[in-house]
Amino acid sequence: DAGVIQSPRHEVTEMGQEVTLRCKPISGHDYLFWYRQTMMRGLELLIYFNNNVPIDDSGMPEDRFSAKMPNASFSTLKIQPSEPRDSAVYFCASSPPRRFSTGELFFGEGSRLTVL
Amino acid sequence: KNEVEQSPQNLTAQEGEFITINCSYSVGISALHWLQQHPGGGIVSLFMLSSGKKKHGRLIATINIQEKHSSLHITASHPRDSAVYICAVRRTGAQKLVFGQGTRLTINP
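These protein sequence lines map, in sequence, to chains A and B. Following the working numbering, the numbering of the first sequence begins with 1 at its first residue and continues without gaps. Following the working numbering, the numbering of the second sequence begins with 1 at its first residue and continues without gaps.
Hints in this document: simulated from the structure, not taken from any laboratory. Do not rely on the hints blindly, as some may be mistaken.
Calculated pairs, BS3-like style, for lysine-lysine (alpha carbon to alpha carbon, straight line, at most 27 Å) [unchecked claim]:
1. Lys24/A x Lys78/A
2. Lys24/A x Lys96/B
3. Lys78/A x Lys54/B
4. Lys68/B x Lys53/B
5. Lys68/A x Lys24/A
6. Lys55/B x Lys96/B
7. Lys78/A x Lys68/A
8. Lys68/B x Lys54/B
9. Lys96/B x Lys68/A
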């Protein structure tokens, strides 16, 4: 199995630009999560989907952040406009339903975002 | 106070030493996870525990539900074990994981 695939691995952009991060979950996984990792705050859940439907977006920091999951094999996390404080590593993770009751997750390699 | 506290925050040891990383939590949980993150790399799930002990190779994870405490042990440590180890818990009745701040382990040859 290919695992969770994220792109881009690295993104450097200027403040005010739009950033789009992409994720392909493991086939057959019904849950998809977006996490942000910073030195100060560690790992934080931003949003998660079940069967392509957003279930909990309470971790999305503000309206500049949006996430979509148009189908079972693709999700995007968009930041518009980006700010330097958005610099972080963004992880996508997926989970199959039979294991979700205890929360086992399969993580992608992460997308490292730097906003100048 | 964080719901999940790890100790130590940083640990440096010599190759071959026995390593212990601790995780304490303050809420009722349905499961506890130990994750590993290598520098610049992704996150790998090492263990998922709800009781007792699990072993995989040189790694052992234990949990004491009554004391709300878990430990991750590494026997015969090796430089390739150098990574950040993260404890995460799933609160009873909740869907989200709550993460500790991580323990940065460095094993010197």
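Hints versus structure:
| no. | hint | verdict |
| --- | --- | --- |
| 1 | Lys24/A x Lys78/A | holds (15 Å) |
| 2 | Lys24/A x Lys96/B | holds (20 Å) |
| 3 | Lys78/A x Lys54/B | violated (39 Å) |
| 4 | Lys68/B x Lys53/B | holds (14 Å) |
| 5 | Lys68/A x Lys24/A | holds (12 Å) |
| 6 | Lys55/B x Lys96/B | holds (25 Å) |
| 7 | Lys78/A x Lys68/A | holds (8 Å) |
| 8 | Lys68/B x Lys54/B | holds (17 Å) |
| 9 | Lys96/B x Lys68/A | holds (19 Å) |
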